[in-house]
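Letter by letter, the chains look like this.
2 protein chains.
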Amino acid sequence: MKQFLRIFILIAILNCQSGWCQETASVVEDFKPSAVNQLGRDFPQVNSQGRVRASIPAPNANKVRLDIGGVKYDMKKNDAGVWTGESAPQDEGFHYYQLEIDGASVPDPGSLYFYGAGRWGSGIEIPASDKDFYAVKDVPHGLVSENIYFSKLTNSWRRCFVYTPAEYNMDAKKRFPVLYLQHGSFEDETGWCSQGKANLILDNLIADKKAVPMIIVMDNGYAYKNQGNTTESKPVSVFEEVMMNEIIPMIDSKFRTLSDRDHRAIAGLSMGANQTMRIVMNHLDKFAYYGGFSGTSNYPSSDEIDPTTFLDGKFNDGKSVNKQLKVLWLGLGTKEPKPFPGSVGAFRKMLDKQGIKHIFYESPATAHEWLTWRRDLYQYAGLLFK
Amino acid sequence: MKQFLRIFILIAILNCQSGWCQETASVVEDFKPSAVNQLGRDFPQVNSQGRVRASIPAPNANKVRLDIGGVKYDMKKNDAGVWTGESAPQDEGFHYYQLEIDGASVPDPGSLYFYGAGRWGSGIEIPASDKDFYAVKDVPHGLVSENIYFSKLTNSWRRCFVYTPAEYNMDAKKRFPVLYLQHGSFEDETGWCSQGKANLILDNLIADKKAVPMIIVMDNGYAYKNQGNTTESKPVSVFEEVMMNEIIPMIDSKFRTLSDRDHRAIAGLSMGANQTMRIVMNHLDKFAYYGGFSGTSNYPSSDEIDPTTFLDGKFNDGKSVNKQLKVLWLGLGTKEPKPFPGSVGAFRKMLDKQGIKHIFYESPATAHEWLTWRRDLYQYAGLLFK
Numbered sequence: 001m002k003q004f005l006r007i008f009i010l011i012a013i014l015n016c017q018s019g020w021c022q023e024t025a026s027v028v029e030d031f032k033p034s035a036v037n038q039l040g041r042d043f044p045q046v047n048s049q050g051r052v053r054a055s056i057p058a059p060n061a062n063k064v065r066l067d068i069g070g071v072k073y074d075m076k077k078n079d080a081g082v083w084t085g086e087s088a089p090q091d092e093g094f095h096y097y098q099l100e101i102d103g104a105s106v107p108d109p110g111s112l113y114f115y116g117a118g119r120w121g122s123g124i125e126i127p128a129s130d131k132d133f134y135a136v137k138d139v140p141h142g143l144v145s146e147n148i149y150f151s152k153l154t155n156s157w158r159r160c161f162v163y164t165p166a167e168y169n170m171d172a173k174k175r176f177p178v179l180y181l182q183h184g185s186f187e188d189e190t191g192w193c194s195q196g197k198a199n200l201i202l203d204n205l206i207a208d209k210k211a212v213p214m215i216i217v218m219d220n221g222y223a224y225k226n227q228g229n230t231t232e233s234k235p236v237s238v239f240e241e242v243m244m245n246e247i248i249p250m251i252d253s254k255f256r257t258l259s260d261r262d263h264r265a266i267a268g269l270s271m272g273a274n275q276t277m278r279i280v281m282n283h284l285d286k287f288a289y290y291g292g293f294s295g296t297s298n299y300p301s302s303d304e305i306d307p308t309t310f311l312d313g314k315f316n317d318g319k320s321v322n323k324q325l326k327v328l329w330l331g332l333g334t335k336e337p338k339p340f341p342g343s344v345g346a347f348r349k350m351l352d353k354q355g356i357k358h359i360f361y362e363s364p365a366t367a368h369e370w371l372t373w374r375r376d377l378y379q380y381a382g383l384l385f386k
Numbered sequence: 387m388k389q390f391l392r393i394f395i396l397i398a399i400l401n402c403q404s405g406w407c408q409e410t411a412s413v414v415e416d417f418k419p420s421a422v423n424q425l426g427r428d429f430p431q432v433n434s435q436g437r438v439r440a441s442i443p444a445p446n447a448n449k450v451r452l453d454i455g456g457v458k459y460d461m462k463k464n465d466a467g468v469w470t471g472e473s474a475p476q477d478e479g480f481h482y483y484q485l486e487i488d489g490a491s492v493p494d495p496g497s498l499y500f501y502g503a504g505r506w507g508s509g510i511e512i513p514a515s516d517k518d519f520y521a522v523k524d525v526p527h528g529l530v531s532e533n534i535y536f537s538k539l540t541n542s543w544r545r546c547f548v549y550t551p552a553e554y555n556m557d558a559k560k561r562f563p564v565l566y567l568q569h570g571s572f573e574d575e576t577g578w579c580s581q582g583k584a585n586l587i588l589d590n591l592i593a594d595k596k597a598v599p600m601i602i603v604m605d606n607g608y609a610y611k612n613q614g615n616t617t618e619s620k621p622v623s624v625f626e627e628v629m630m631n632e633i634i635p636m637i638d639s640k641f642r643t644l645s646d647r648d649h650r651a652i653a654g655l656s657m658g659a660n661q662t663m664r665i666v667m668n669h670l671d672k673f674a675y676y677g678g679f680s681g682t683s684n685y686p687s688s689d690e691i692d693p694t695t696f697l698d699g700k701f702n703d704g705k706s707v708n709k710q711l712k713v714l715w716l717g718l719g720t721k722e723p724k725p726f727p728g729s730v731g732a733f734r735k736m737l738d739k740q741g742i743k744h745i746f747y748e749s750p751a752t753a754h755e756w757l758t759w760r761r762d763l764y765q766y767a768g769l770l771f772k
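Read top to bottom, the protein sequences are chains D and V.
To convert, note that position 83 of the first sequence is 83 in the numbering used here; the numbers rise steadily by one, no gaps.
Position in the second sequence counted from 1, then plus 386, gives you the numbering used here.
Derived from the structure by calculation, the hints contain no laboratory data.
None of the values given here were measured: they were computed from a predicted structure.
Ideal Cβ positions, reconstructed from N, Cα and C, are used throughout, including at glycine.
Treat each hint with caution, since some may be false.
Claimed, not checked - Within a straight-line C-alpha distance of at most 16 Å, the following computed EDC-like cross-link-like pairs (lysine to aspartate or glutamate) qualify:
#	chain 1	residue 1	chain 2	residue 2
1	D	Lys152	V	Asp524
2	D	Lys225	D	Glu246
3	V	Lys560	D	Asp171
4	V	Lys449	D	Glu100
5	D	Lys174	D	Asp252
6	D	Lys137	D	Asp208
7	V	Lys560	V	Asp638
8	V	Lys517	V	Asp477
9	V	Lys739	V	Glu690
10	V	Lys559	V	Asp638
11	D	Lys173	V	Asp557
12	D	Lys335	D	Asp91
13	D	Lys254	V	Asp557
14	D	Lys209	D	Asp138
15	V	Lys611	V	Glu626
16	V	Lys640	D	Glu167
17	V	Lys449	V	Asp460
18	V	Lys640	D	Asp171
19	D	Lys386	D	Asp260
20	D	Lys63	V	Glu486
21	D	Lys326	D	Asp285
22	D	Lys254	V	Glu553
23	V	Lys559	D	Asp171
24	D	Lys335	D	Glu92
25	D	Lys349	D	Asp303
26	D	Lys286	D	Glu240
27	D	Lys174	V	Asp557
28	V	Lys538	D	Asp138
29	D	Lys323	D	Asp285
30	D	Lys353	D	Asp303
31	D	Lys353	D	Glu304
32	V	Lys595	V	Asp524
Unchecked claim - Chain V is nowhere near these chain D residues, computed Cβ spacing over 12 Å in every case:
#	residue
33	Ala128
34	Pro177
35	Lys209
36	Gln227
37	Glu240
38	Leu258
39	Asp306
40	Thr309
With the rest of the complex left out, here is chain D:
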């Protein structure tokens, strides 16, 4: 029996060395349909290791690959013409992905679609150990409303989504504080209440009395000046002007807001963190809270920041910043790639040098992705308007 066991172990070791165990033997066969599949679709699936298994009928294809996390995984065809294959283990949380069929990058017809990476495409959810904080629970649920409005500054129709807490519709007299919450590069105003779960995070926080009922406004961070028929070729971003002169006045007139600075917060992720930091520092008379999720305005530099020149010296008077910003909050995933740890690190070093109080939160084992930002929102929203 001992002899048999020794041989078995030897075979296993040899197999692992040849790559077989990583590629095949180590795939645990406990795959389940992803939580963000289309109704009734069996694929894509996720197993307990965080592997993604995709499957698609493509009887006449030469090569089909699963493209996720920057890596393309070959899929295999069965006799019925159905291609199936799986990825290496992925981090917990939400990821964008796609299929590649004979060189065509297309959404997986089995998944729901999300806007990110500059396109509507497939997404998948690797169940997170702490997924309970954004689960749909039997608590009062707020509404998410779609608002379209004409922007004179950009000469275009724009859209924002507005979360109103459950209490908003129960008490027609009460006014609420507002958080302006921005997405990142190549994302849009749909992100925070879709893959970001912002509405569910707030529903749960409010039900647990861990957050004050608040309105959340999620607009689109891309806004370019209407340059008419000029020959200027480079678009000029006017997002700050749109936020201050169009979005905030519209929200304050359309919704029952508390419209003083003490009841207005702002936050954003990545590009949105950079944008909202500029906005808050240029308008400290309008906001009392700032949250920067995986981003700061010195991005992409990791160099030491000179507070006398950075953002026109807005952080130079540390005492004044401390007095005006009730919460200055920064978050980062522990697995974020360059340059984020460097640039956020340099920014924090500058804050410390200036004696500026701030909170720094690290999301365990997540990269520059949505589980980091869901956790950031959960942490940050609990500190607002208190």
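Here the structure of chain D is known, so what remains is to put chain V in place on it, guided by the hints.
Using the frame of chain D, we list chain V on its own:
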């Protein structure tokens, strides 16, 4: 010169007979990107003939086809590996479509995605001659809010979208009448405010004072009884019970509604017309208006209807129906396929026989598709609550 002209015409006729003129020569080269493309995407495109041109890079594919309106059109590959091809002229309005790459049916990465035909997939808009009535205009815009709620009857989380007119947020005391508006088979609660343009149709109607400001509730017509751990295999639809016992009470408690029968209307398209006709006739104490868009409850039969037995004799007392239903409205596209003209025709014949007043509207040159239903909503909403 005359001789030259004769030869030219002869060649043209011969070419047409060989199929060349339909397939190639008659394609007018005035294609423009579709109105429902993803941001910045050049394809798919539509020309003045209503042809759809799709294009996708798939360098290693053997065969790529555009699949629209039940027909698959071969596309051709250029030297850069990009496949391009166009369809025959399509009807005005909105159509679902997809691409087929070596046998795989996938969404076109250029289009926005819509839920219909039982899947999230590509859609395209052939500009309609009357498209102005659902255009985004500089008028006050209402909000469309997403509501999630737990249904005890189905033991599941469900969702509805609620349109509130612009005035709803301007006057926190005013109450509004409600239209319950249902989708068709293999569609869901997203359809009416996405491809259906219900919010824009009402924004425009209200701004033109052609409709009374109203709330519109769009829920999901698929609702099955929670059968627990029984061995019954066939799901039992409880949509009527969910509507009457869960959706309406929730809407009346969450929104500022006028909750008497005179201020409650119902309508639906196709399967939704069938469902809502049953609901209205079973609950004439709760509704005063009915709209059936491309459907009736005798579907799919075109046989003569016996009013003493049809829907338990609900249409047998014509005078009573006339007294209770302020508007009984039916619509149908002139190009609808079997069995719709027959079944709606048989239903109308029964109404006439019973002396039941009704309005019948025909949408010109449209089939069982969304332009028919947009027009239906425009016509029907203008008659409500007056």
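The hints, checked one at a time:
The hinted pair formed by D/Lys152 and V/Asp524 meets the criterion: a straight-line CA distance of about 11 Å does not exceed 16 Å. Among the hinted pairs, D/Lys225 with D/Glu246 is consistent with the structure: their alpha-carbon atoms are about 13 Å apart, no more than 16 Å. Among the hinted pairs, V/Lys560 with D/Asp171 is consistent with the structure: their alpha-carbon atoms are about 14 Å apart, no more than 16 Å. Under the criterion of a C-alpha separation no larger than 16 Å, the hint pairing V/Lys449 with D/Glu100 is consistent with the structure, at around 15 Å.
The suggested pairing of D/Lys174 with D/Asp252 holds, with an alpha-carbon distance near 14 Å, which does not exceed 16 Å. Under the criterion of a C-alpha separation no larger than 16 Å, the hint pairing D/Lys137 with D/Asp208 is consistent with the structure, at around 11 Å. For a cut-off of 16 Å, the pair hint linking V/Lys560 to V/Asp638 stands: about 14 Å separates their Cα positions. At most 16 Å may separate the alpha-carbon atoms for a hinted pair to count; V/Lys517 and V/Asp477 meet this at roughly 13 Å.
For the proposed pair V/Lys739 and V/Glu690, the alpha carbon gap of about 11 Å is at most 16 Å, so the pair holds. Restraint check for V/Lys559 and V/Asp638: the C-alpha separation of about 14 Å stays at or below 16 Å, so the hint holds. A hinted pair counts as satisfied when its Cα atoms are at most 16 Å apart, and D/Lys173 with V/Asp557 qualifies at roughly 11 Å. A threshold of 16 Å between alpha carbons decides the hint, and for D/Lys335 with D/Asp91 the separation of about 9 Å falls inside it, so the pair holds.
At roughly 10 Å between alpha-carbon atoms, D/Lys254 and V/Asp557 fall within 16 Å of each other, so this suggested pair holds. A distance of roughly 15 Å separates the Cα atoms of D/Lys209 and D/Asp138; the hinted pair therefore holds under the 16 Å criterion. A hinted pair counts as satisfied when its Cα atoms are at most 16 Å apart, and V/Lys611 with V/Glu626 qualifies at roughly 11 Å. Under the criterion of a C-alpha separation no larger than 16 Å, the hint pairing V/Lys640 with D/Glu167 is consistent with the structure, at around 10 Å.
Between V/Lys449 and V/Asp460, the direct Cα distance comes to roughly 8 Å. Compliance with the 16 Å bound is thereby established for this hinted pair. Among the hinted pairs, V/Lys640 with D/Asp171 is consistent with the structure: their alpha-carbon atoms are about 10 Å apart, no more than 16 Å. Distance restraint check for D/Lys386 and D/Asp260: the Cα-Cα separation of roughly 14 Å lies within the 16 Å cut-off, and the hinted pair is therefore satisfied. Of the supplied pair hints, the one linking D/Lys63 and V/Glu486 holds, its CA atoms being roughly 15 Å apart against a limit of 16 Å.
Among the hinted pairs, D/Lys326 with D/Asp285 is consistent with the structure: their alpha-carbon atoms are about 12 Å apart, no more than 16 Å. Of the supplied pair hints, the one linking D/Lys254 and V/Glu553 holds, its CA atoms being roughly 10 Å apart against a limit of 16 Å. For a cut-off of 16 Å, the pair hint linking V/Lys559 to D/Asp171 stands: about 11 Å separates their Cα positions. This hinted pair checks out: D/Lys335 and D/Glu92 have alpha carbons roughly 12 Å apart, not beyond 16 Å.
Note on D/Lys349 and D/Asp303: the hinted pairing holds, with a Cα-Cα distance of about 10 Å set against a maximum of 16 Å. Using a Cα cut-off of 16 Å, the hinted pair D/Lys286 and D/Glu240 holds, with the two alpha carbons roughly 13 Å apart. Our distance criterion of 16 Å between C-alpha atoms is met by D/Lys174 and V/Asp557, whose separation comes to about 14 Å. Simply put, V/Lys538 and D/Asp138 have alpha-carbon atoms about 11 Å apart, close enough for the 16 Å limit, and the pair holds.
For the hint linking D/Lys323 to D/Asp285, the alpha-carbon distance of about 12 Å falls within 16 Å, and the restraint holds. Of the supplied pair hints, the one linking D/Lys353 and D/Asp303 holds, its CA atoms being roughly 14 Å apart against a limit of 16 Å. The straight-line distance between the Cα atoms of D/Lys353 and D/Glu304 is roughly 11 Å, inside the 16 Å bound, and the hint therefore holds. With a C-alpha separation of about 15 Å, the suggested pairing of V/Lys595 with V/Asp524 holds against the 16 Å cut-off.
For D/Ala128, the shortest C-beta to C-beta distance to chain V comes to about 19 Å, beyond the 12 Å cut-off, and the non-interface label holds. Even its closest Cβ contact with chain V, about 18 Å, leaves D/Pro177 beyond 12 Å, as expected for a residue assigned away from the interface. The non-interface label for D/Lys209 is consistent with chain V: the shortest C-beta to C-beta separation is roughly 21 Å, beyond 12 Å. Taking the minimum C-beta to C-beta distance to chain V, about 18 Å, the non-interface status of D/Gln227 holds against the 12 Å cut.
Every C-beta of chain V lies more than 12 Å from that of D/Glu240, the closest at about 21 Å, which supports listing it as non-interface. Against the 12 Å criterion, D/Leu258 stays outside the reach of chain V, whose nearest CB is about 15 Å from its own CB. At roughly 37 Å, the least C-beta separation between D/Asp306 and chain V is larger than 12 Å, which holds for a residue marked as non-interface. Chain V leaves D/Thr309 outside its interface by the beta-carbon criterion, the shortest separation being 35 Å against a cut-off of 12 Å.
Violated hints are absent here; each numbered hint is respected by the structure.
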